[in-house]
Amino acid sequence: MGDPPALKRPKLEKDDHDSAYCPRPSANGTAPVPPAASAAASGAPPNDEDEEAMAEEAVVALVAHRERDVERCKLKLLHYQTLLDSAEMKLAEAQARLARYKDRKPPPPPSQREPKPPLRPIQRDPKPSPPPEKKAPAPAPQPAGRPQLVIPGANNRPAPRPEPMPGLKKAAAPPSSSSPVLPPPERSRKEEKKPKRKIEEKEHQNLIPSVKKSSAMVLKFQGGTLVSSQHKRKLRCLELCPSNDQLVVTSALDGLVTLWQVEPRGPSVSFRGKTDCFSPKHRWPEDIAWHPDGDKIFAVYTADNGDSQVSMANLISGQRKVTFLPEKPHTKGIINNITFMPWSDACFVTAGSDHAVILWEDKDDSWKPKRVHKDFHSSAVMGVAGLQQKKTILSVGCDKRIIGFDLSAGRTEFKNLIDSKCMSVLLNPCDFNLYMVQAGAPGRQLRLFDIRLRQTEIHAFGWKQESSESQSALINQSWSPDGWYLSSGSADPVIHIFDIRYHGQNPCQSVQAHQKRVFKAVWHQTLPYLTSISSDLNVGIHKYS
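Start counting the sequence shown at 2; every next residue gets the next number (the numbering used here).
These are computed hints drawn from the structure, not numbers from a lab. Be careful, since some hints might not be right.
To be verified - Calculated lysine-lysine pairs in the DSBU-like style (CA-CA distance at most 35 angstroms, straight line):
| no. | residue 1 | residue 2 |
| --- | --- | --- |
| 1 | 517 | 77 |
| 2 | 233 | 203 |
| 3 | 213 | 203 |
| 4 | 517 | 213 |
| 5 | 329 | 213 |
Could you put the whole structure together from the sequences, leaning on the hints where they help?
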């Protein structure tokens, strides 16, 4: 007679609980109390707390998920902002080209517009005369078909009225209303500078696949000529004029900047004059650079004792006046490097011992500094360079770091840490993705990197010094015009030549050039010459083939 108890138990559970849970009898015959019943008997707060805890965890997880979404969106925004900036630059260049094309050919547009209206009546549709008659009353100005040539002029009257005042170009007035008023002076400035910079504008050549793949190609040097540098103290800098490679300048610790002209016959160099470039606090130039137009020399000094930091001198004209820029953005220490950027707008970058990289831009005939970054290097910044394909500044320092900073995005593009301090950086003149970094490791002083591989070193080579084991920051390098060779000074009286195609790490040849250590040797662009400076106070010129 087990039926009655089976009926009573479900009734009691249905009365006590409105759930579908049906407990089974335990082994001793007693009915176990369901968890919901025990919770109801003890009170509802435990379930509420559990539910609140679970809800809070869910909200925390949701907030974390949303934060990750926001970060991803910010990264995407920066990426697309960079793409937008580059697209706008390309659009502006295309518009400038189109405007110049229209300015050069004003007569063709009207001649092309005039035949267009006669083409419409020439359409051989006299047979279906009724349809053209229906179309004629629809627009209602068919009798004014000829005046339609005047109607567009009437519609454009408010736009061209302001144009004849500033612009004299007849063809430029109809296509654009007020925009051509501003571009003409800007175009004229750019057109004045562009022909002077055509020397540096080259097509990209892919040299990286040939790096470290073959034997070296040895150059034949035919001896050299040494000329007194006219300096009384140790030489510091040697720079080649970008617009005329027959002009070179040297600077020394005596504060003088000397102009030289290369004589093809000989070969030899002739003295053209010198300028006193001492700072107001009687400091010599630490580094110098030519303006891309080849008419001025810029020099950097130090940020200590409130001294002037940048000077500008015109060595080509007869006045040779030195002007010191009033701005002093660097805070302390020596300014180690000055380099002009290979961009359309004239600007240069300075690297300081205060860990700062400063961009100087020409605005309204005055140079204005702008801090690029100061906290990315933990030691002195020794060298800077600018990429040709985009506005990215490379900086290297004694903290062994190589940093690429994207000016368009306003953020760091990449960071690289090598095994030795960095003292200079040079971009290849032909392969825009290849650059060289001078390090302080003996036997591996020169490192080659691909900008696309970020932290990957594609080649390393160097030399062993007999006179000294320390690597001086005064030793500098130079690329050959074809981008295959690197020349470097040395603590020894030789010029080291490296062929980047050579798979070895030693120089492919060393040229005996001076009596004491060589600081730098530069390649001329149009002449088969190398010009060098040394601590023997001589300027050397060496011919090769």
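Is the straight-line distance between the alpha-carbon of residue 233 and that of residue 203 35 angstroms or less? Since the Cα atoms of residue 233 and residue 203 sit roughly 39 angstroms apart, the hinted pair is violated (cutoff 35 angstroms).
For the pair supplied as a hint, residue 329 and residue 213, is the alpha-carbon distance within the 35 angstroms limit? This hinted pair is violated, its Cα atoms lying about 44 angstroms apart.
Would the hint linking residue 213 and residue 203 be met if the CA-CA limit is 35 angstroms? The hint holds at about 24 angstroms.
Can the restraint linking residue 517 and residue 77 be considered satisfied, given a maximum Cα separation of 35 angstroms? Not OK: residue 517 and residue 77 at ~56 angstroms, beyond 35 angstroms, violated.
Under the criterion that the straight-line Cα-Cα distance not exceed 35 angstroms, is the pair residue 517, residue 213 satisfied? Answer holds: residue 517 to residue 213 is near 31 angstroms, not above 35 angstroms.
The structure fails to meet hints 1, 2, 5 from the earlier list, while all remaining hints are met.
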